[in-house]
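Residue numbers (numbering that gives the first Met the number 0), protein chains in the order written: chain A, 0 to 423; chain B, 0 to 368.
Please keep in mind that the hints were generated in silico from the structure rather than gathered at the bench. Where a beta carbon is used, it is the ideal one built from N, C-alpha and C, also for glycine. Among the hints, erroneous ones may be present.
As the list claims (entries may be wrong) - Quick partial rundown of chain A residues pointing at chain B, CB under 8 angstroms, derived from the structure:
#1 V40
#2 L41
#3 L104
#4 H303
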Amino acid sequence: MSSLDATVFAAPVGIVAPAGGPVRFRGRPGVLWRLLARGAVLLMLTLGIYRFWLTTDVRRYLWSNTELAGDSFEYSGTARELLLGFLIAIAVLVPLYIAFFLLALGLGSAGEMLSGPIAFLVLTLLGHYAVYRARRYRLTRTIYRGVRFHQTGSAWRYAVCALIWWTLIVLTLGLAYPFAQARLERFKMRNTHFGNLPGRFEGSGLQLLLRGFVLWFLAIVPFTAGVVLTFRGIDWSALRAAAGGDDPASWLEVSGLAGAVVYATLTGAWLLLSFAILYPIFQAMLLRWWAGGLRFGEVAITSHLRTAQVFGVYARFLWYAFLFTLATAVVLIAGWLGLQPLIGRLDSVRDEIVTTVVGLVAYVAIALGYSAIYQATVRLGLWRCVVESLDLTNPAALDRVSAAGEAASPVGEGLADALSVGGI
Amino acid sequence: MTSVGRGSFFDGATTARHAVTVELAPEHLRILGRDGQALAEWPYDQLETIASPDDVLRLGRAGSPVLARLDIRDPQLAAAVDERSLPVDLTGGVERRMRAKVVVWSLVATVSLVGVAILGVPRLATQITPLVPYGLERKLGAAIDAQARASLDTRRMGAAFECGIAPKEQPGRAAFDKLMGQIESAAALPIPLDARVVRSPDANAITLPGGHVYVFRGLIDNAETPDELAGVIAHEVGHAVHRDGTRTVLQAAGLSLLFGMFLGDFVGGGAVVFAAKTILQTSYGREVETAADAYGTALMTRIGGDPRALGTILLRIAGTTHPGPKILLDHPETRDRVAAIEAMAKSGPRRPLLSAPEWAALKTICSGS
């Protein structure tokens, strides 16, 4: 989870539950595979314009196949709304980008130094703002039994809080993360309503910290030690003195860079390994903690998601990605052989344009292929095992909810899209 | 034909589930509660199908602010509703047709955007470039200059990256300044040139907005006469006069806006944008280079140099120092280019641009302290 899409699962908070029965997911995976395959082809042909329709289709599939107490959810958003939201976001962002540009030019070298951090700050703030507004859009398009969810609260206030908390997370090397999550989730859920049933969040940051501290220790401490050793191994003055020397071997020797490379490699390997093993454990823990803290009125939720399920989801992804890689390799080799006779017949620049375009198409096709596999395995897989792991206490309260709230504008979704901070 | 069946109804006011009887009247669908009282009457042409699990037909009333929903699980009743209502289509044909329309229009939009990128952006940039005030161009140049210098100076030499500063390099610097003086006074530029020689091994020279010209050491090493070096610099001055650097910045901004922002960042989008920019700017680049060649040869004739010397040095360095793919160099095929230079070159009165000792000194401008 990147910093901004921590709201991924907050979207269909429809995960309130069934009178008597568990939450069920009834979608057939084949339907989603077909949607995603067709979507990948169209995304490529339309250079991405089709994404509004694909996003809407996928959400509709996920929402409408999630069933609570025998009734399924409904996603009432449309691609047209997303397109409109995106156009509005462009209208806001283009003048902003131009302003940054002129600021950098107008202030000379000082402007250049300042405009980078200022742009980063403003865009990060805007990113969090967009995430909150986008959540509002998705919630108000989520309908259960003819009653919609809605979200109140100031998105700017959320954005400022999120910015402060994420700064703290970075400064504390991640130790503030549980408290940030608890606070931000509390803010979001306090402002979340299903009809007239108010939501709240009761997860405790301290509890998450206690549960996750070992993971943090295993991931961060060896990594930090590795980085420190790497940099301490380098003799900076020798490095500077020898910079640009003609004998790279002695240069490596003198500066201690050779030892640093060994430390850096070990650190990188540990990072990769710990990520592969620890991340699914962390994700399962976080999801259990998050779902267990959700409340709607007197309805409480618990999740008995097992870590093995999350590993299973990623194993499936790796398996399909492996098959796809094999198939791609075969196609690429065949295509390369087929293209050989064509090359050399044109002048060299045109030759390069042709090969570049072909290479580009292949690259995009492969990237979209992996993305489709990821969505059909990891996203669907996690959605399914999370919703099916839920249990409700006091579900009868869900039968007596009155409608409240209005549909919200899609501008937040548009901003999130234009800033590439989207959730689901 | 079935005209009565059972369903679940949510009235949009509360979450209470009503077990209802659905009656298919001639004009509308009627929803009856347990006591036989009508809860809702929906005209068939205002029915809306809502996404639901496969075995459920979920209906709402199109355009209604009240989110009342009717779930029908009885396949026969669902088929009967489909039969009577035009908007309800269980086969999904209506939706497929609408989606096909969306796809066609998205494709049209894509073609149009690509057309704008290929035809519109360069023309627009050409139109706007003369309108950019020189004051703004100079500021832009200063900003780009700092970045360009940092990216050229791969070995982080800082001030020492520039030739002609150390005492031993001073005679070379004087000769270079003399050569530049002749070129600049003949060119009559609206903004002063700022030409520097840098320790970069490529046989190349570049021009940035705001009159910043960088001549690489590799070019001076490769030049056999002052006229060859002057020919390349005159070509670069052509870029400065035509304000090609500013135009490139405008083009890049336009393309970033089109591809980067408007089309959005779908998977791999960044790479697509980069490659599209490279390809498009290469194709824009050819005309620009030809125009700079024309300017350069004319300028060389004016200062009494050999206008064909540019062609001579181009042929010498072509093939020897073209690292990496040609697509990344903005230059048209060398042979065509040289032929064009030969055709454009007009002979005029000739005089040496530098004396033999001056030229020898200029060759040592990067000899070090």
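Cross-check of the supplied hints:
Of the supplied interface hints, the one on V40 (chain A) is violated, with its beta-carbon coming no nearer than about 10 angstroms to a beta-carbon of chain B, more than 8 angstroms. For L41 (chain A), the suggested interface contact is upheld, since its CB lies about 6 angstroms from the closest CB of chain B, less than 8 angstroms. Checking L104 (chain A) against chain B by beta carbon gives a least distance of about 5 angstroms; that is within 8 angstroms, so the hint holds. Interface restraint check: H303 (chain A) against chain B, minimum CB-CB distance 24 angstroms, threshold 8 angstroms, status violated.
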